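Could you put the whole structure together from the sequences, leaning on the hints where they help?
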Amino acid sequence: MYYRVLTKEENYKLQEINRREIAEKIYLYIEGKLVLKERFYDIKGWHPQEVEKYIGVLNQIHERGGYIIGAFDGDIICGIAALDNVFFGQSKAYLNFDKLYVSYEYRGKGIGRKLMEICCQKAKELGAKKLYVSSSEFENTVNFYIGMGCTIVEEYIKEKQELEPEDIHLELKL
1 MYYRVLTKEE
11 NYKLQEINRR
21 EIAEKIYLYI
31 EGKLVLKERF
41 YDIKGWHPQE
51 VEKYIGVLNQ
61 IHERGGYIIG
71 AFDGDIICGI
81 AALDNVFFGQ
91 SKAYLNFDKL
101 YVSYEYRGKG
111 IGRKLMEICC
121 QKAKELGAKK
131 LYVSSSEFEN
141 TVNFYIGMGC
151 TIVEEYIKEK
161 QELEPEDIHL
171 ELKL
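All letters in the sequence shown, in the order written, are residues 1 to 174 by the numbering used here.
Among the hints, erroneous ones may be present.
[Said to hold, decoys possible] Distance windows between CB atoms, simulated:
#, residue 1, residue 2, range
1, 25, 127, 35 to 43 angstroms
2, 30, 72, 33 to 41 angstroms
3, 117, 158, 25 to 33 angstroms
4, 15, 108, 19 to 27 angstroms
5, 147, 35, 23 to 31 angstroms
6, 35, 75, 38 to 46 angstroms
[What the hints assert, rightly or not] Heads up, simulated DSBU-like pairs for lysine-lysine below, C-alpha to C-alpha not over 35 angstroms straight-line:
#, residue 1, residue 2
7, 37, 99
8, 8, 37
9, 44, 173
10, 109, 37
11, 129, 8
12, 33, 99
13, 158, 44
14, 122, 92
15, 8, 160
16, 109, 122
17, 173, 25
18, 8, 99
19, 37, 173
Hints are computed from structural coordinates only; laboratory data are not their basis.
Predicted, not measured: the structure shown is a model, and the values here were computed from it.
A virtual CB, placed ideally from N, CA and C, is assigned to each residue, including glycine.
Listed below in structure tokens is the structure:
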């Protein structure tokens, strides 16, 4: 397994990630608390419009000078993470940890953890104090981020909340 920065021309590799997700529970953020609810999802893969949209986001991050990191098993991309380099928040302390995907068959092997650690190190080098993480509500995803040290965001950022209202909005102090 090796990790490297992707070029903008390689952003299409996102569609090679096996996005399969089976979730039986989700988190909701209700009255200041995370509440676990039963809700079944079986996501078989990418919807064509969705993957095109996300590749477009990766391209924008590249154009702003952000970082897209890929995890590779030989020639096979098995994980991808994106760190934007635009500071935001009242004190401009946040950088956005924008995407993290690990192929279904590679999950549970520490790849997501390593990708996030690489992005955290880069964010520190850029001077960030916190990473902003807009997590899907799936139990496994939220638990992963909490296990990495993320907590509910301290600062309400309207644009982020409105963009992904069902997500669980987290931050990681660096």
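Here is what the structure says about each hint:
For residue 25 paired with residue 127, a C-beta distance near 37 angstroms keeps the hint of 35 to 43 angstroms intact. Look at residue 30 against residue 72: about 40 angstroms separates their beta carbons, and that is inside 33 to 41 angstroms. The supplied range of 25 to 33 angstroms is met by residue 117 and residue 158, whose beta-carbon atoms lie about 30 angstroms from each other. For residue 15 and residue 108, the hinted distance range of 19 to 27 angstroms is satisfied, since their beta carbons lie about 22 angstroms from each other.
Separated by about 19 angstroms at the C-beta atoms, residue 147 and residue 35 break the suggested range of 23 to 31 angstroms. Range check, residue 35 to residue 75: Cβ separation about 43 angstroms, and the 38 to 46 angstroms hint holds. With a C-alpha separation of about 24 angstroms, the suggested pairing of residue 37 with residue 99 holds against the 35 angstroms cut-off. Among the hinted pairs, residue 8 with residue 37 is inconsistent with the structure: their alpha-carbon atoms are about 39 angstroms apart, more than 35 angstroms.
Our distance criterion of 35 angstroms between C-alpha atoms is met by residue 44 and residue 173, whose separation comes to about 33 angstroms. Between the alpha carbons of residue 109 and residue 37 the distance comes to roughly 27 angstroms, so the proposed pair stays at or under 35 angstroms and holds. The straight-line distance between the Cα atoms of residue 129 and residue 8 is roughly 26 angstroms, inside the 35 angstroms bound, and the hint therefore holds. Taking the CA atoms of residue 33 and residue 99, the gap is about 24 angstroms. The hint holds against a cut of 35 angstroms.
The hinted pair formed by residue 158 and residue 44 meets the criterion: a straight-line CA distance of about 31 angstroms does not exceed 35 angstroms. Only pairs whose Cα atoms come within 35 angstroms are accepted, and residue 122 paired with residue 92 is accepted, the gap being roughly 16 angstroms. A distance of roughly 24 angstroms separates the Cα atoms of residue 8 and residue 160; the hinted pair therefore holds under the 35 angstroms criterion. For the suggested pair residue 109 and residue 122, the alpha carbons sit about 22 angstroms apart, so the restraint of at most 35 angstroms is met.
For a cut-off of 35 angstroms, the pair hint linking residue 173 to residue 25 stands: about 27 angstroms separates their Cα positions. Restraint check for residue 8 and residue 99: the C-alpha separation of about 15 angstroms stays at or below 35 angstroms, so the hint holds. Using a Cα cut-off of 35 angstroms, the hinted pair residue 37 and residue 173 holds, with the two alpha carbons roughly 27 angstroms apart.
Hints 5, 8 from the earlier list are contradicted by this structure; the remaining hints agree with it.
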